[in-house]
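Participant: Given next are the chains, with one letter for each unit.
Number of protein chains: 2
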Amino acid sequence: MKDKITTLDRPIQVKKFGGTSVGSIERIHNVARIVIESLKNNYPVVVASAMSGETNRLVALAEEAFPHYKGPAYDMLLASGEQVAIALLAMAIERQGYKAKPYLAHQIGIQTDNVSSKARIQHIQTEQILKDLKEGIIPIIAGFQGVDENFNITTLGRGGSDTSAVAIAAALKADACEIYTDVPAVFSADPRLVPLAKEIKELTFEEMMEMASLGSKVLHIRSVELAAKFGVKIHVRSSFQEREGTWVMDSVQNLEKPVVSSVTHDANTSVVKINNLPEGVSGLAQLFEHLAQKGIVVDIISQTHLPEGQRLAFSVPSEDLYQAVTITQNLFTQMHKLPAQIETMDKVAKVSIVGVGMRNHPGVAAHFFKILAKQNIPIFLVTTSEIKVSAIIPSESLQKAAQSLHTAFSLDQLSKET
Amino acid sequence: MKDKITTLDRPIQVKKFGGTSVGSIERIHNVARIVIESLKNNYPVVVASAMSGETNRLVALAEEAFPHYKGPAYDMLLASGEQVAIALLAMAIERQGYKAKPYLAHQIGIQTDNVSSKARIQHIQTEQILKDLKEGIIPIIAGFQGVDENFNITTLGRGGSDTSAVAIAAALKADACEIYTDVPAVFSADPRLVPLAKEIKELTFEEMMEMASLGSKVLHIRSVELAAKFGVKIHVRSSFQEREGTWVMDSVQNLEKPVVSSVTHDANTSVVKINNLPEGVSGLAQLFEHLAQKGIVVDIISQTHLPEGQRLAFSVPSEDLYQAVTITQNLFTQMHKLPAQIETMDKVAKVSIVGVGMRNHPGVAAHFFKILAKQNIPIFLVTTSEIKVSAIIPSESLQKAAQSLHTAFSLDQLSKET
Numbered sequence: 001m002k003d004k005i006t007t008l009d010r011p012i013q014v015k016k017f018g019g020t021s022v023g024s025i026e027r028i029h030n031v032a033r034i035v036i037e038s039l040k041n042n043y044p045v046v047v048a049s050a051m052s053g054e055t056n057r058l059v060a061l062a063e064e065a066f067p068h069y070k071g072p073a074y075d076m077l078l079a080s081g082e083q084v085a086i087a088l089l090a091m092a093i094e095r096q097g098y099k100a101k102p103y104l105a106h107q108i109g110i111q112t113d114n115v116s117s118k119a120r121i122q123h124i125q126t127e128q129i130l131k132d133l134k135e136g137i138i139p140i141i142a143g144f145q146g147v148d149e150n151f152n153i154t155t156l157g158r159g160g161s162d163t164s165a166v167a168i169a170a171a172l173k174a175d176a177c178e179i180y181t182d183v184p185a186v187f188s189a190d191p192r193l194v195p196l197a198k199e200i201k202e203l204t205f206e207e208m209m210e211m212a213s214l215g216s217k218v219l220h221i222r223s224v225e226l227a228a229k230f231g232v233k234i235h236v237r238s239s240f241q242e243r244e245g246t247w248v249m250d251s252v253q254n255l256e257k258p259v260v261s262s263v264t265h266d267a268n269t270s271v272v273k274i275n276n277l278p279e280g281v282s283g284l285a286q287l288f289e290h291l292a293q294k295g296i297v298v299d300i301i302s303q304t305h306l307p308e309g310q311r312l313a314f315s316v317p318s319e320d321l322y323q324a325v326t327i328t329q330n331l332f333t334q335m336h337k338l339p340a341q342i343e344t345m346d347k348v349a350k351v352s353i354v355g356v357g358m359r360n361h362p363g364v365a366a367h368f369f370k371i372l373a374k375q376n377i378p379i380f381l382v383t384t385s386e387i388k389v390s391a392i393i394p395s396e397s398l399q400k401a402a403q404s405l406h407t408a409f410s411l412d413q414l415s416k417e418t
Numbered sequence: 419m420k421d422k423i424t425t426l427d428r429p430i431q432v433k434k435f436g437g438t439s440v441g442s443i444e445r446i447h448n449v450a451r452i453v454i455e456s457l458k459n460n461y462p463v464v465v466a467s468a469m470s471g472e473t474n475r476l477v478a479l480a481e482e483a484f485p486h487y488k489g490p491a492y493d494m495l496l497a498s499g500e501q502v503a504i505a506l507l508a509m510a511i512e513r514q515g516y517k518a519k520p521y522l523a524h525q526i527g528i529q530t531d532n533v534s535s536k537a538r539i540q541h542i543q544t545e546q547i548l549k550d551l552k553e554g555i556i557p558i559i560a561g562f563q564g565v566d567e568n569f570n571i572t573t574l575g576r577g578g579s580d581t582s583a584v585a586i587a588a589a590l591k592a593d594a595c596e597i598y599t600d601v602p603a604v605f606s607a608d609p610r611l612v613p614l615a616k617e618i619k620e621l622t623f624e625e626m627m628e629m630a631s632l633g634s635k636v637l638h639i640r641s642v643e644l645a646a647k648f649g650v651k652i653h654v655r656s657s658f659q660e661r662e663g664t665w666v667m668d669s670v671q672n673l674e675k676p677v678v679s680s681v682t683h684d685a686n687t688s689v690v691k692i693n694n695l696p697e698g699v700s701g702l703a704q705l706f707e708h709l710a711q712k713g714i715v716v717d718i719i720s721q722t723h724l725p726e727g728q729r730l731a732f733s734v735p736s737e738d739l740y741q742a743v744t745i746t747q748n749l750f751t752q753m754h755k756l757p758a759q760i761e762t763m764d765k766v767a768k769v770s771i772v773g774v775g776m777r778n779h780p781g782v783a784a785h786f787f788k789i790l791a792k793q794n795i796p797i798f799l800v801t802t803s804e805i806k807v808s809a810i811i812p813s814e815s816l817q818k819a820a821q822s823l824h825t826a827f828s829l830d831q832l833s834k835e836t
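Those protein sequences? They're chains A and B, same order as listed.
With the working numbering applied, the first sequence has no gaps in its numbers, which climb one by one up to 418 at the end.
With the working numbering applied, the second sequence has no gaps in its numbers, which climb one by one up to 836 at the end.
Chain A with its partners taken away, still in its complex shape:
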């Protein structure tokens, strides 16, 4: 145990452990060892998720108590998962003879807005954490949760613990934010879908942001946005293997940067179509404003003008489909005094390619469409940016699409150990 000190003589490092990393007491003891080991070179500040399976268990209970309910009670319910994990982790560290203290969001001052289950961090107090570090205490902070101005517990959305970790790293001006997870690195595609996917050594914030927003589950998108904003280097690595993973930072070293760095997919996407939208744009603006207010992220939007009226289609995360349809129908009925003709597509998926190299290589989008066309894969919605191309395609074509794109953009691993 350390004596009390007045200044910190080693860098602060935030270490975030995901659900699988703390998925059992045995794994929690493993995390305790990683944290204690890092005391040699750093002052670790730990952020933990709920034990794997726990959040799903709580969501299932909530669905049974009040289907589709969102509100403060829901956030309070879900936040209990992290509470259990940090308490157990603090105990596991104390068992090894080190001091650790578990903190909930309200105890450490992780202030958020009041958007239930999709809150955003506004401010983090650092006094208590710094005091603990100086006293040789390892702070173990609950990820995923915050507290609003009325002392309600809020949660940051699935995967929000990454965001907690990066925000804490930014507030503490930490050297780096290490995200420990159950994969050794970020891959050029999901290896379950594309067996030849390879590990990526370095990525820019921009690329990682696109990948996260396009369905890569490795990092929560808001965490990458925050990391980019505050210049916090992220290191994605395995909690089960002691080796380097993927660094996500401002700019990458690799001169031989490929045009496309990854193929990303999102099976959890759905499409809402409105077939009888009256002409005019005010309705559209109001619809998307309403959806945004409820925290529903609309992804790809497509609008077509036909003789019989405007048609609108947009994609949303599948878990928001029900709420999106309800909001759309209510607003439409209220504005146009007739029911909307709404069609939904839930057997769809999004496949995307991402790479900062695309900026200097025109024609990437054309190549993307050609590859899918060659496989006879229909495209329902499409969107592009400077560094990505995405398409909504039938779910059953997802694997074929991802594999063809991965091969065509030269991402396949050269040799696979057998």
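No wet-lab data here; the hints were simulated from the structure.
Heads up, a few of these hints could be off.
Stated by the list, open to error - To spell it out: a stretch of chain B is covered by chain A in this simulated footprint if at least three of its residues, at any positions, have a beta carbon under 8 Å from a beta carbon of chain A; those stretches are: (1) 471-480; (2) 483-491; (3) 518-526.
What the hints assert, rightly or not - 25 Å max Cα-Cα, derived DSS-like pairs, lysine-lysine: (4) 70/A x 517/B; (5) 294/A x 517/B; (6) 549/B x 635/B; (7) 691/B x 647/B; (8) 99/A x 675/B; (9) 257/A x 370/A; (10) 549/B x 70/A; (11) 198/A x 173/A; (12) 549/B x 131/A; (13) 712/B x 99/A.
All C-beta atoms, glycine included, are put in the ideal place defined by N, C-alpha and C.
Let chain A serve as the given structure and place chain B on it in line with the hints.
Facilitator: For chain B alone, coordinates are given in the frame of chain A:
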């Protein structure tokens, strides 16, 4: 949903639901119905325990993470159980179209001392609760937990939700505190042990306090102490049957009050014996002070002087046996520079008779010993008070002892429906 009002026109009633009452979502919906139904005649303020099994699950995780650990992390861990229950109950009530708000101890200001896992409530703020009631919101408060002056979560010990409920009732000057549980009333003995046990209609605080301290699981002893201190009537009743249970209050109506009102037992007791205690009393005082500081309740104490020195025996709750032995051994070695010869007995149980009528009937203790002697049941430790007689006996004789006492003191049900 109610409009905002300025004064409360119906009595406030605290309703506490135990673990089995909220043991599944179906049961939580049942509780929601009971609460909503009571809006007609009362302003219900709800206190809930963790879903049954949950606290045991958390205790098991803690034991695996760090055996015998007690400290703030442990309290944080255990408090998560009530958090889940109140969030789900609030959702279930909202589903029926009523407003409910779940509150954790720190959100409502349930202030305690800082004794980990056996904290005592010092103060409860009522402003928010009263504000909610006036706004037609049903407050759903986490039982079992509090917050100390450093914002640490504390817990009140197993069964502590009863204490939360009575303390809240006292703070609100509520009409009554209804304790909903899985039994229809308090019985004259545990029906599993004594099949002829009968329901008790009314009990005094004194009797209930003795019964609770002697092992009756129906109410947490501290809750009865508080109820007596603040004159809060307690109504123990079933959450599964709509009928009166047992009222616990200052004095009872029944003129034909029996001498003994119940036979109580505690299978969860253990004995610590020290066989080489040097003469003198300072060591004893210090030992019991140390045990008290750790929150270990020493029950029966017996001291004998033999030619070879003092012998001391005392009983403690079985879950505290390990800690009691450790504290005793450490203190003894430190004071007397030699190891204590400690013997423990964990295959023992306590059987007791309780009744305010004993005050006016001398010879009850003698009768108690005669009944046990007739059954050839040895007595290891014994203690009496004005209204109870207790003995530590072998576990295997417990049922025989309880049944003989119940019959001998005329407590058997006159006719059992068959």
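Participant: Each of the hints needs a verdict: does it hold here or not?
Facilitator: Hints, one by one, checked against the model:
1. Counting residues of the region 471-480 of chain B whose beta carbon lies closer than 8 Å to any beta carbon of chain A gives 3, which reaches the threshold of three, so the coverage claim holds.
2. Counting residues of the region 483-491 of chain B whose CB lies closer than 8 Å to any CB of chain A gives 6, so the stated coverage by that chain holds, three being the minimum.
3. Only when three residues or more bring their CB closer than 8 Å to a CB of chain A does the claim for the region 518-526 of chain B stand; here the count is 6, and the claim holds.
4. For the suggested pair residue 70/A and residue 517/B, the alpha carbons sit about 14 Å apart, so the restraint of at most 25 Å is met.
5. Between residue 294/A and residue 517/B, the direct Cα distance comes to roughly 20 Å. Compliance with the 25 Å bound is thereby established for this hinted pair.
6. The hinted pair formed by residue 549/B and residue 635/B fails the criterion: a straight-line CA distance of about 34 Å is larger than 25 Å.
7. A C-alpha spacing of about 35 Å is found between residue 691/B and residue 647/B, which places the hinted pair above 25 Å, so the restraint is violated.
8. A C-alpha spacing of about 57 Å is found between residue 99/A and residue 675/B, which places the hinted pair above 25 Å, so the restraint is violated.
9. Our distance criterion of 25 Å between C-alpha atoms is met by residue 257/A and residue 370/A, whose separation comes to about 23 Å.
10. Pair hint residue 549/B plus residue 70/A holds up; C-alpha atoms about 23 Å apart against a cutoff of 25 Å.
11. Taken as a hint, the residue 198/A and residue 173/A pair is broken in the structure, with Cα atoms around 32 Å apart against an allowance of 25 Å.
12. A hinted pair counts as satisfied when its Cα atoms are at most 25 Å apart, and residue 549/B with residue 131/A does not qualify at roughly 37 Å.
13. Straight-line distance between C-alpha atoms of residue 712/B and residue 99/A comes to about 20 Å, which keeps the hinted pair within the 25 Å bound.
In this structure, the hints that do not hold are numbers 6, 7, 8, 11 and 12, in rising order.
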